[in-house]
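> Same order as they appear, the protein sequences are chains A and B.
The first sequence: position 59 = 59 (our numbering), numbered continuously.
The second sequence: position 25 = 242 (our numbering), numbered continuously.
What the hints contain is simulated information worked out from the structure, not anything from laboratory work.
Just so it is clear, the structure is predicted and the values come from calculations on it, not from any experiment.
For every residue, glycine included, the Cβ atom is placed at its ideal position computed from N, Cα and C.
Hints may contain errors.
[To be verified] Straight line, CA to CA, 30 Å or less: simulated DSSO-like cross-link-like pairs of lysine-lysine: (1) LYS279/B <-> LYS52/A; (2) LYS425/B <-> LYS364/B; (3) LYS279/B <-> LYS362/B; (4) LYS358/B <-> LYS52/A; (5) LYS358/B <-> LYS425/B; (6) LYS279/B <-> LYS295/B; (7) LYS358/B <-> LYS279/B; (8) LYS52/A <-> LYS295/B.
[Said to hold, decoys possible] To be clear about the criterion: a stretch of chain B counts as covered by chain A if any three or more of its residues have a C-beta under 8 Å from a C-beta of chain A, and this derived list gives those stretches: (9) 293-304; (10) 388-394; (11) 440-454.
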Amino acid sequence: MPTTPPTRIARFTLTERVLHWEVVVAFAVMLATGLILYFPSLSGLMSRPAAKGVHLWAAIALGVGFTLVAVLGNRRAVLRSAREVQYLDADDMAWLKAGPAAQMGRVSPAPQGRFNAGQKLNTAMLSGGMVLMYVTGFLLWYGERHTEWRFEGSVPVHDLFTLFLVLLVTGHVYLAVIHPHTRAAMRGMVTGEVDREFAEHHHATWVAQHDAEEARR
Amino acid sequence: MDHVPPPADPVREAPTELTGWERPIGRGAFLATVLTGLGALTLLSRASGLSRAVTNVTSAVKPGGSWRIYAVASPLPKFDPASYRLRITGAVENPIELGWDEVQAWRSHPITADFHCVTGWSVMDVHWAGILPADIVARVKPTRKAKFVSMHSLEDPYVDQVTMEQFLEAGNVLAHTMDGEPLTREHGAPLRMVLPDMYGYKGVKWVKEIRFDSEQMSGYWEQRGYDTDAYVGRSNGYGG
């Protein structure tokens, strides 16, 4: 019988990680080509038809790729994550009320599940923002040929939500890559496992559930 | 009641018992985001005043203003003052070909106009300066055959055409200056046609030739389904 628990614990399945990185790649491509289409000073970098083509195909590739992986991959894991981010409990509310300094500290201000309250809301708002980008992006594309689908609001909403997504993603990338107390989470999205000590500090409820499940086996 | 209030002291080391208190707040955040966007889409599409306000904010904070640069070829045409020639040809008594110095020597006329793109964005109060269509007509003297005027771009194969009447409408200018500066490369240096009553695709950039035509032809975007008479608010599906 091992006396010390393993130093890492599994947080994300391969399916969840592939879905995450599909979004990352497509988002980066769409942001880069979108900025070329948006800023006059960048317009010389790539021809407009080419940038537009890449932008549209990246959106289609993400839609198809995401659906395929979610359906053909580990559906249970996907549904579990989707459920977890939708619900907040009393500890999540305590976490939210603790404020940024505590939330970004070495130990989370309230015990959290596999996702903390910030991650849940970030995922929810990013998903909502991406739905809107698909809706307005479709209208922009379809409205070029079918003028009854061209609305004055499509362009400004597509622009505003780009800014919204960029702000959320900037915060997310900062916490995942730079911030000393949270960047240990990055390993989970790359290898699937996170350091146990990090998990105990930031996701104590999840670690307790995880250990209880392991013990039952 | 299944509502258990959050604990008074949020800083605890050990995980709490599962309380059973759960609310679909994440789902709510998702729906709120989507509904906010759809609401903004509806509102901005219904109230032009609001779109205009958003446009003004964008112009103020975005480098390059609210302009978006549309081009059909790459790279953008590069203006070389030494080799540039402006040809004004077709059904005219005095066809001319001018070097850049001669173009600049023409009387320059300032206009201020809003610019509207058919895809839904606008730039308000653009200060243009350039050559008046009436001055062009006076100089080259179109013959009676001339019914249309086509504008040809250094950006091959971009072209567009308007009727003589449309070409001579007040407020039009063959612009070499925008907001007090010579036209930049992305805005169509050295010359772009400005037709404020019409959507931007009629205003050819990087103009190399003005031709007076006897026959009607389809411009670049008209070949792709856009209206020939591209009046702002009254064409391409706008204004019913």
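> Going back to the hint list, which numbers does this structure go against?
3, 4, 7, 9 and 10
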